[in-house]
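Undergrad: We have chain X; now place chain G onto it with these hints.
Chains as they are written, first to last, in my numbering: chain X, 1230 to 1487; chain G, 631 to 1139.
In short, the hints are calculated from the structure, not lab data. Among the hints, erroneous ones may be present.
Unchecked claim - If the Cβ cut is set under 7 Å, some of the chain G residues that face chain X in the computed set are: (1) A935; (2) K939; (3) L943; (4) D1006; (5) P1015.
As the list claims (entries may be wrong) - Pairwise CB distance ranges (calculated): (6) G1019/G x G1364/X: 37 to 45 Å; (7) E1461/X x R650/G: 48 to 56 Å; (8) D905/G x P1278/X: 43 to 51 Å; (9) F775/G x D1297/X: 34 to 42 Å; (10) T1031/G x D1297/X: 51 to 59 Å; (11) D1297/X x W649/G: 34 to 42 Å.
Glycine included, C-beta positions come from ideal geometry on N, C-alpha and C.
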Amino acid sequence: MATDSPTSMQPASPAAVTLRNLTKSFDRRAVDGLDLTVRTGEFYSLLGPNGAGKTTTLRMIAGLLRPDAGSISVLGIDALADPVAAKRIMAWVSDEPMIYDKLTPFEYLEFIAGLWGMESAAAEASARHHIDWLGLTPHAHERCEGFSKGMRQKVALAGALVHDPRLIILDEPLTGLDAGSARLVKSVLRERVEAGCAVIMTTHILEVAERMADRIGVIARGRLIAEGTHDELRIQTGKHGTSLEDTFLTLVAEQDAA
Amino acid sequence: MSTAGTWPWFARHEARLAWRDWLSIMTAGHRGRERTLALILIVFVAGMHLIAFGMVAPYAGIDNTAGKVRLIVITSGVLLSFSLMLSQAMESVTRGFYARADLDLILCSPIDAQKVFCVRIATTAIAISLMAVLLAAPFINVLAFEGGMHWFGAYAVILAMGATATAIAVALTVALFRTIGAKRTRFVAQIVAAVIGAAFVIGLQIGAIQYYGTLSRFALLESDTMVALAPGIDSIVWWPARAMLGDGLALAATISVGLLALATSIAAFSPRFADHAIAASGVSVGVTRQVRWSQRFRKLSPRRALRAKEFTLLRRDPWLLSQSLMQMLYLLPPALMLWHSFGEGSGPLVLMVPILVMASGQLSGGLAWLAISGEDAPDLVATAPVAAGEIIRAKVEAVMTCIAVVFVPFVLAIALTSMICAVVAAAGIVIAAASATQIQLWFRAQARRSQFRRRHTASRIATFAEAFSSITWAATAALAAAGSSVAVVTGLAGLGILAGTRLLRPPGR
Chain X
1230 MATDSPTSMQ
1240 PASPAAVTLR
1250 NLTKSFDRRA
1260 VDGLDLTVRT
1270 GEFYSLLGPN
1280 GAGKTTTLRM
1290 IAGLLRPDAG
1300 SISVLGIDAL
1310 ADPVAAKRIM
1320 AWVSDEPMIY
1330 DKLTPFEYLE
1340 FIAGLWGMES
1350 AAAEASARHH
1360 IDWLGLTPHA
1370 HERCEGFSKG
1380 MRQKVALAGA
1390 LVHDPRLIIL
1400 DEPLTGLDAG
1410 SARLVKSVLR
1420 ERVEAGCAVI
1430 MTTHILEVAE
1440 RMADRIGVIA
1450 RGRLIAEGTH
1460 DELRIQTGKH
1470 GTSLEDTFLT
1480 LVAEQDAA
Chain G
631 MSTAGTWPWF
641 ARHEARLAWR
651 DWLSIMTAGH
661 RGRERTLALI
671 LIVFVAGMHL
681 IAFGMVAPYA
691 GIDNTAGKVR
701 LIVITSGVLL
711 SFSLMLSQAM
721 ESVTRGFYAR
731 ADLDLILCSP
741 IDAQKVFCVR
751 IATTAIAISL
761 MAVLLAAPFI
771 NVLAFEGGMH
781 WFGAYAVILA
791 MGATATAIAV
801 ALTVALFRTI
811 GAKRTRFVAQ
821 IVAAVIGAAF
831 VIGLQIGAIQ
841 YYGTLSRFAL
851 LESDTMVALA
861 PGIDSIVWWP
871 ARAMLGDGLA
881 LAATISVGLL
891 ALATSIAAFS
901 PRFADHAIAA
911 SGVSVGVTRQ
921 VRWSQRFRKL
931 SPRRALRAKE
941 FTLLRRDPWL
951 LSQSLMQMLY
961 LLPPALMLWH
971 SFGEGSGPLV
981 LMVPILVMAS
991 GQLSGGLAWL
1001 AISGEDAPDL
1011 VATAPVAAGE
1021 IIRAKVEAVM
1031 TCIAVVFVPF
1041 VLAIALTSMI
1051 CAVVAAAGIV
1061 IAAASATQIQ
1071 LWFRAQARRS
1081 QFRRRHTASR
1091 IATFAEAFSS
1101 ITWAATAALA
1111 AAGSSVAVVT
1121 GLAGLGILAG
1131 TRLLRPPGR
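Next comes chain X alone, as it looks inside the complex (with noise of 0.2 Å):
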């Protein structure tokens, strides 16, 4: 099983993902040309205090909502000339499993199979290593409405990993999961990140994001205010040896005093 610490980036990974002048509007500008890179074999975190603009990022590199302008690239694919193809490629997660209530674990992963257009016996033998990784082996022929957080949570995650996906999008994923759960979860995405797989990540629990990221970004009003390992986020607010929570802290505040 894998650790929580992050490993070392070589410098010359390729870009999983390229976010060029990413501009979202709604009632107001809720992301403004957003300029990010998140290379193969990396886990990006995102940060950014509550309408910064982290989901609506997420959601549009998934393919769930279309920017207003900019461009994006997953592993060389224009994702919105292309959605299907870059679709192909990469896993979403979202805070609120989805799920089905009627389906079993095992037939959720038929449906997702089928929908990836997998091979049946290779979708298969993903499915079953994929329902003992997560130890939803005793539940796997159980309908899912009766399912905790944790175990709905976990059954979304064999989904999106099931046809080995080489972007992993993740909101929130470790919202409301116990503690168990929560270091499954991670353990997973941890070794998922070593298989070669990128993997970007909000959360508001900076200490994951402390413990896991190869680099953090923090994001305010929409826009990218900083980036980097945490010991560079450090430098940056010139505040060495503090927590990253300190340092999200000086930063966010500094962006709203400007």
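TA: Positioned in the frame of chain X, the structure of chain G alone reads:
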């Protein structure tokens, strides 16, 4: 200002919630539409008065000296309304047990929950009565205007009916709770409510078909047999009808029975209501059925996976299935008529065709909402590597397959007697289903499947368009089956409704 925790305080709280809920439903959640709503309601009420004038003005002269035939017809109307009110009351009371909106808050507060449930039962009675009053008011007002003030007694009869219906609904639901348990009550109560709501009118139609070979209820109600079988003119059975006709004693008795029933129901059942609500909250809806681990994955294309998912979800949700197939109950009389008139030529079949077409439109609207708007994992489907058009096609295919399963047997049975009627029915069923599905596509709005009962709140335009489209196609099919060229005119009207709805669709659809 009432003191917190008292009955008036709870009543005020419930009234405020009910008012805001109603307003939200009527305005589809958009603020600032209250003035528009008021205008629409005024126009609606005025229009209803005009319609009522045409329908009931000739009967305004009837008074409490009416003969047996009149009393039978009025009593059947009262029973029909009462069965619908009882059905509605059962649904409300069941929701009272299972809807968790604020029950947890109330039950964990240091307040006597009995008070809350007393108020809620009374609120249910008032809400059901008011809804019936809203629909009946134009008819009562016209009768009173034309026939005299005694007709206003009908308002009091409706209130008494609402109180009685609520009392019976509470007793029935609690009885179900105690006999079959919290887990099954929700589903069974919905079925019972549907059957009660439809049973009376369907029963009359079945009687009319069996004995007179017609779908008309009046053929049975006004028959000599019915008059002979009905109780004597002085029987208390006619008191609700007499109360509506202005008989003071009958009116007082009807009101007293209603209020007494409601008071008894509140006194008897509200102390245990909290226990049942707590039991309902503890129901694990999970089904821990294990099947063999050796079950294999099937090779599914994205479209087939989507279709299979829709069928499975529908099949596994008996509550949802009962809700969407509710209108299928109304196909029972046509089915009986088909069987009854087999071999008698196409005459009776012409009456059946519009019923089938109407049912097809309504059922398709519900199923299309479930498949298109009621997607519980919209992000999952949207992030799948499948073109949006293909997803929609798969969902429409699922809807049309369900429609085919329900209606093909009817069409085949009609074809045995009249091929022309069968072709017209098939075309009408397909067009009505396609129209309803298209309207749902234009006005799709993401929602949970469990919100099915409130699907009409998302768009009033879609609701009315769906209804008018089904009615128009049903009329077109009826005229076409009868060989009338006027079918072209109604068909064009149907297309006009679709074109108008398309113009009103939200941007980007």
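Undergrad: Quick check: which numbered hints come out false for this structure?
TA: The structure breaks hints 9, 10; every other hint is satisfied.
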